[in-house]
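J.: Letter by letter, the chains look like this.
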Amino acid sequence: MTKLLSLGLICFTLSGCAYNSVLINYPSQIAPIKQQLASPTPSAKLTELAGEIDTNDGLLYAQEAGRVAQVSGDFESSKTYYQAAIKAYKAFDDRATISASDLTATASSLVLNDNAIPYRGPGYERIMVHQYQAFNYLFSGDAQGALVEVRRSNQLQASEQARYQKSQKSVRAMANGTIDAEMNKLDQATGSVTSSFLNAYSYYTTGLLHELLGEPNDAYIDYRKAAQITPNNQYLQQDLVRLAKQLSMPQYDEFKRRWGDAVLPKNGQGQVVMVVEKGFVPEKQSLTVPFTINGNWQTVSLATYQPHRQAIQPSTIQGLGTVLKAEPIANIDALAINALKEDLPAALVRQAARVYTKSEMTRSVESGSKRRNNEADAAAILMQIFNVVTEQADRRSWLTLPRQAQIARQYIEPGEYQIRLGNSPAAKIDVKPNRATLIWVIETGNQTRFYSIII
Amino acid sequence: MKHFKLIFVLAAVIGLSACQSKVEYGDATEVETVNENFGSTDLQAIAAKMVDSMLTFPPVIVMTQNDRPIIFVDKIKNKTSEHIDTESVTDTISNKLLRSGKFRFIDMTKVDSVRKQLDYQNNAGMVDPSTAIKFGRQVGAQYMLYGNLSSIVKQDGSTKDVYYKMTMRLMDLETGLIEWSDEKEIRKVKSKSFLGL
Numbered sequence: 001m002t003k004l005l006s007l008g009l010i011c012f013t014l015s016g017c018a019y020n021s022v023l024i025n026y027p028s029q030i031a032p033i034k035q036q037l038a039s040p041t042p043s044a045k046l047t048e049l050a051g052e053i054d055t056n057d058g059l060l061y062a063q064e065a066g067r068v069a070q071v072s073g074d075f076e077s078s079k080t081y082y083q084a085a086i087k088a089y090k091a092f093d094d095r096a097t098i099s100a101s102d103l104t105a106t107a108s109s110l111v112l113n114d115n116a117i118p119y120r121g122p123g124y125e126r127i128m129v130h131q132y133q134a135f136n137y138l139f140s141g142d143a144q145g146a147l148v149e150v151r152r153s154n155q156l157q158a159s160e161q162a163r164y165q166k167s168q169k170s171v172r173a174m175a176n177g178t179i180d181a182e183m184n185k186l187d188q189a190t191g192s193v194t195s196s197f198l199n200a201y202s203y204y205t206t207g208l209l210h211e212l213l214g215e216p217n218d219a220y221i222d223y224r225k226a227a228q229i230t231p232n233n234q235y236l237q238q239d240l241v242r243l244a245k246q247l248s249m250p251q252y253d254e255f256k257r258r259w260g261d262a263v264l265p266k267n268g269q270g271q272v273v274m275v276v277e278k279g280f281v282p283e284k285q286s287l288t289v290p291f292t293i294n295g296n297w298q299t300v301s302l303a304t305y306q307p308h309r310q311a312i313q314p315s316t317i318q319g320l321g322t323v324l325k326a327e328p329i330a331n332i333d334a335l336a337i338n339a340l341k342e343d344l345p346a347a348l349v350r351q352a353a354r355v356y357t358k359s360e361m362t363r364s365v366e367s368g369s370k371r372r373n374n375e376a377d378a379a380a381i382l383m384q385i386f387n388v389v390t391e392q393a394d395r396r397s398w399l400t401l402p403r404q405a406q407i408a409r410q411y412i413e414p415g416e417y418q419i420r421l422g423n424s425p426a427a428k429i430d431v432k433p434n435r436a437t438l439i440w441v442i443e444t445g446n447q448t449r450f451y452s453i454i455i
Numbered sequence: 001m002k003h004f005k006l007i008f009v010l011a012a013v014i015g016l017s018a019c020q021s022k023v024e025y026g027d028a029t030e031v032e033t034v035n036e037n038f039g040s041t042d043l044q045a046i047a048a049k050m051v052d053s054m055l056t057f058p059p060v061i062v063m064t065q066n067d068r069p070i071i072f073v074d075k076i077k078n079k080t081s082e083h084i085d086t087e088s089v090t091d092t093i094s095n096k097l098l099r100s101g102k103f104r105f106i107d108m109t110k111v112d113s114v115r116k117q118l119d120y121q122n123n124a125g126m127v128d129p130s131t132a133i134k135f136g137r138q139v140g141a142q143y144m145l146y147g148n149l150s151s152i153v154k155q156d157g158s159t160k161d162v163y164y165k166m167t168m169r170l171m172d173l174e175t176g177l178i179e180w181s182d183e184k185e186i187r188k189v190k191s192k193s194f195l196g197l
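If you read the protein sequences in the order shown, they are chains A and B. 450 is the number that the numbering used here gives to position 450 of the first sequence; each next residue is one higher, with no gaps. 23 is the number that the numbering used here gives to position 23 of the second sequence; each next residue is one higher, with no gaps.
No lab work stands behind these hints, which were simulated from the structure alone. Ideal Cβ positions, reconstructed from N, Cα and C, are used throughout, including at glycine. Treat each hint with caution, since some may be false.
Unchecked claim - Under 10 angstroms between C-beta atoms, here's a sample of chain A residues computed to sit facing chain B:
1. Asp54
2. Ala96
3. Ser101
4. Glu149
5. Val150
6. Arg151
7. Arg152
8. Leu302
Said to hold, decoys possible - In the DSS-like style, the derived pairs of lysine-lysine whose C-alpha atoms are separated by at most 27 angstroms in a straight line are:
9. B:Lys154 to A:Lys90
10. B:Lys49 to A:Lys87
11. B:Lys192 to B:Lys77
12. B:Lys79 to B:Lys110
13. A:Lys87 to B:Lys160
14. A:Lys90 to B:Lys77
15. B:Lys165 to A:Lys90
16. A:Lys87 to B:Lys188
17. B:Lys102 to A:Lys90
18. A:Lys90 to B:Lys190
19. B:Lys165 to B:Lys96
20. A:Lys90 to B:Lys79
21. B:Lys102 to B:Lys77
22. A:Lys90 to B:Lys192
23. B:Lys77 to B:Lys190
24. B:Lys79 to A:Lys245
25. A:Lys325 to A:Lys428
26. B:Lys79 to B:Lys22
27. B:Lys190 to A:Lys87
28. B:Lys192 to B:Lys79
29. B:Lys154 to A:Lys87
30. B:Lys110 to A:Lys87
31. A:Lys87 to B:Lys192
32. B:Lys49 to B:Lys75
33. B:Lys96 to B:Lys75
34. B:Lys96 to A:Lys90
35. B:Lys22 to A:Lys87
36. B:Lys79 to B:Lys154
37. B:Lys79 to A:Lys87
38. B:Lys154 to B:Lys49
39. A:Lys90 to B:Lys188
40. B:Lys77 to B:Lys188
So here's chain A without its partners, still in its complex pose (with noise of 0.2 angstroms):
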């Protein structure tokens, strides 16, 4: 009778398995599509990733999705994927405490792999969803529905900074708005502490269109949280200068002494703003260790990153007259790293009590007779083969997501200027007296693009 139901749980289970990554590891499934994002047309791989939004880890697909069609300049449809990765996290906010999928779901991981969970993005990626959808929106023209987006990100930011503050002295220093100087020794020295919890580029990005669509006084908040998180970022320090001296701010002459005066457009200059996104998240990889347990193969598998990354160089543009060097903003990396490291505890709880299960599943279809006459029991075999089949470390992230994000910034004469970055082909941008003309620079492999609008 056990058999019959350890079978039948099986059998159920496995048909469970039209979920995407269960079996097949997710970087490999992404891989093709962040090739095609590295060739000049990337959207043809689309509709495959939007077929999967109906799936359990939907909510990954729906950002893959969006980040692909925004690569590839599609802001429309890229805005309509990325509102169905935000309904999807609203769907998640709404569940129930003890809610009947989860436990469905936890139940099948617990027989199959942690893949069986229904993808649930960490923090930041849920903050880069609406930050990328500010960019749809102002890139299509509707810039109050920009602000909508990035008064939405702030909501999420504020709750992600609350949930770090309770134990990290530097997320504390943070909310009071400070940013103090040992932290900036501490952070040249080893890198910053805070730059692995919170997204300065997020916060650099809120700032920034805050600042653009005409307020100011926001953009001064969320520069001033970006610069505690990035201390060392030349253009964001002369941001706040300036932003102080304008909004006549009493931290206008702490910010002056440390990062001198703030430097003001001649008359009928325009200003050129950079940002620059450059190369990919790095993938999860996977850890497998087999062991035996009574004589039975079993193996467990931990999603991990690979230490060593090359460090990547800041990005000059070319075109503007002098040479520009765009400055680091954020590491996404990072950030990734850190989200797994969270990650982790929960995981193991989960591996240990999968061991289990697994173990107890083989034992219940193994034959005693069989065994104690040291024969081949099929059943048992079967179920041991199932076992290392089915254990796959959890290795979903949001892949097409860039690697670093730079920053540069710079008054310049009106008139038309063909930028290069790097030794990418030129391109085409405007710069109109007294406006601010955003250029983001989307370097994917061996493709660059740019993505201007005059504000």
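Guided by the hints, dock chain B onto chain A, whose structure is given.
T.: Below, chain B alone, put in the same frame as chain A:
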């Protein structure tokens, strides 16, 4: 085993019956609480309050006694964290004000279409010039109606609190004075269920 079958059949029947979708007509003014987002009930509450407040405000009563002042509605600025069709809110409010018979309105969203039509009547050579409506004969608005919709959203664990505040003002375009102003507050609290799907 027999019991098993019975349970299975029952489960299948229940499961399938739940798959049937249906469509019903509802009351348009019914209180709607599908989720905590800005909804029809909020829109109706705001419009009702604003119109009521404006029509009963003593200076406005005096203003409309012998005259039907001409108003143009500026956009309501959406300062919330939701994508809200604020034009729909102003439409409802201007509708109600117009229906009260005390005000007249100029629709700024249609200026381009009107210009095109007048251009056609006067310059296309298709319309009898004696019946063509001349440029520059429209009446200017005396008042501007405008507003702000802002929200404060707080979330902690299973509770989400949303507070909306709609502020509206009527400005005399000649003097720049605010002739009327009011606000409507709405608070919604959502608590997550403990058990559920």
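J.: Determine for every hint whether it applies to the structure shown.
T.: Results for each hint:
1. At its closest, the beta carbon of aspartate 54 of chain A sits 16 angstroms from a beta carbon of chain B; the interface hint therefore is violated under the 10 angstroms criterion.
2. Because the closest C-beta pair between alanine 96 of chain A and chain B is about 3 angstroms apart, less than 10 angstroms, the hint holds.
3. At a threshold of 10 angstroms, the smallest CB-CB gap from serine 101 of chain A to chain B is about 6 angstroms, leaving the interface hint in force.
4. Of the supplied interface hints, the one on glutamate 149 of chain A holds, with its beta-carbon coming within about 8 angstroms of a beta-carbon of chain B, less than 10 angstroms.
5. About 9 angstroms separates the beta-carbon of valine 150 of chain A from the nearest beta-carbon of chain B, less than 10 angstroms, and the hint is met.
6. For arginine 151 of chain A, the interface hint holds, the least distance from its beta-carbon to any beta-carbon of chain B being 4 angstroms, beneath 10 angstroms.
7. A least Cβ separation of about 5 angstroms between arginine 152 of chain A and chain B falls short of the 10 angstroms threshold, and the interface hint therefore holds.
8. Violation of the interface hint for leucine 302 of chain A is found here, the shortest Cβ-Cβ separation to chain B being roughly 30 angstroms, above the 10 angstroms cut-off.
9. Annotation: proposed proximity of lysine 154 of chain B to lysine 90 of chain A holds, straight-line Cα distance about 15 angstroms (limit 27 angstroms).
10. Taking the CA atoms of lysine 49 of chain B and lysine 87 of chain A, the gap is near 32 angstroms; set against the 27 angstroms cutoff, the hint is violated.
11. With a C-alpha separation of about 31 angstroms, the suggested pairing of lysine 192 of chain B with lysine 77 of chain B is violated against the 27 angstroms cut-off.
12. Taking the CA atoms of lysine 79 of chain B and lysine 110 of chain B, the gap is about 25 angstroms. The hint holds against a cut of 27 angstroms.
13. A hinted pair counts as satisfied when its Cα atoms are at most 27 angstroms apart, and lysine 87 of chain A with lysine 160 of chain B qualifies at roughly 16 angstroms.
14. The hinted pair formed by lysine 90 of chain A and lysine 77 of chain B meets the criterion: a straight-line CA distance of about 25 angstroms does not exceed 27 angstroms.
15. Among the hinted pairs, lysine 165 of chain B with lysine 90 of chain A is consistent with the structure: their alpha-carbon atoms are about 23 angstroms apart, no more than 27 angstroms.
16. Only pairs whose Cα atoms come within 27 angstroms are accepted, and lysine 87 of chain A paired with lysine 188 of chain B is accepted, the gap being roughly 20 angstroms.
17. Restraint check: the Cα-Cα separation between lysine 102 of chain B and lysine 90 of chain A comes to about 44 angstroms, which exceeds 27 angstroms; the hinted pair is violated.
18. Restraint check: the Cα-Cα separation between lysine 90 of chain A and lysine 190 of chain B comes to about 13 angstroms, which is no more than 27 angstroms; the hinted pair holds.
19. For the given pair, lysine 165 of chain B sits about 20 angstroms from lysine 96 of chain B by alpha-carbon distance, which is consistent with the 27 angstroms threshold.
20. Distance hint between lysine 90 of chain A and lysine 79 of chain B is fulfilled; the C-alpha atoms sit about 20 angstroms from each other, no more than 27 angstroms.
21. Annotation: proposed proximity of lysine 102 of chain B to lysine 77 of chain B holds, straight-line Cα distance about 25 angstroms (limit 27 angstroms).
22. In summary, the hint linking lysine 90 of chain A to lysine 192 of chain B is supported, as the alpha carbons are separated by about 12 angstroms, within the 27 angstroms threshold.
23. With a C-alpha separation of about 25 angstroms, the suggested pair lysine 77 of chain B and lysine 190 of chain B falls inside the 27 angstroms cut-off, and the hint holds.
24. Distance restraint check for lysine 79 of chain B and lysine 245 of chain A: the Cα-Cα separation of roughly 26 angstroms lies within the 27 angstroms cut-off, and the hinted pair is therefore satisfied.
25. A distance of roughly 19 angstroms separates the Cα atoms of lysine 325 of chain A and lysine 428 of chain A; the hinted pair therefore holds under the 27 angstroms criterion.
26. Simply put, lysine 79 of chain B and lysine 22 of chain B have alpha-carbon atoms about 36 angstroms apart, too far for the 27 angstroms limit, and the pair is violated.
27. Proximity of lysine 190 of chain B to lysine 87 of chain A is assessed by CA-CA distance (about 17 angstroms); at most 27 angstroms being required, the pair is judged to hold.
28. For the proposed pair lysine 192 of chain B and lysine 79 of chain B, the alpha carbon gap of about 26 angstroms is at most 27 angstroms, so the pair holds.
29. Of the pairs offered as hints, the one joining lysine 154 of chain B and lysine 87 of chain A holds, with about 18 angstroms between alpha carbons and a cut-off of 27 angstroms not exceeded.
30. Of the supplied pair hints, the one linking lysine 110 of chain B and lysine 87 of chain A is violated, its CA atoms being roughly 34 angstroms apart against a limit of 27 angstroms.
31. The suggested pairing of lysine 87 of chain A with lysine 192 of chain B holds, with an alpha-carbon distance near 17 angstroms, which does not exceed 27 angstroms.
32. With a CA separation close to 18 angstroms, the supplied pair lysine 49 of chain B and lysine 75 of chain B stays within the 27 angstroms bound.
33. For the suggested pair lysine 96 of chain B and lysine 75 of chain B, the alpha carbons sit about 17 angstroms apart, so the restraint of at most 27 angstroms is met.
34. Restraint check for lysine 96 of chain B and lysine 90 of chain A: the C-alpha separation of about 35 angstroms exceeds 27 angstroms, so the hint is violated.
35. Proposed proximity of lysine 22 of chain B and lysine 87 of chain A is supported: the alpha carbons are some 23 angstroms apart, at most 27 angstroms.
36. At most 27 angstroms may separate the alpha-carbon atoms for a hinted pair to count; lysine 79 of chain B and lysine 154 of chain B meet this at roughly 16 angstroms.
37. With a CA separation close to 21 angstroms, the supplied pair lysine 79 of chain B and lysine 87 of chain A stays within the 27 angstroms bound.
38. Of the supplied pair hints, the one linking lysine 154 of chain B and lysine 49 of chain B holds, its CA atoms being roughly 25 angstroms apart against a limit of 27 angstroms.
39. For the hint linking lysine 90 of chain A to lysine 188 of chain B, the alpha-carbon distance of about 17 angstroms falls within 27 angstroms, and the restraint holds.
40. Between lysine 77 of chain B and lysine 188 of chain B the alpha-carbon distance is near 21 angstroms, which keeps this suggested pair within the 27 angstroms criterion.
Against the hints set out earlier in the document, violations occur for numbers 1, 8, 10, 11, 17, 26, 30, 34.
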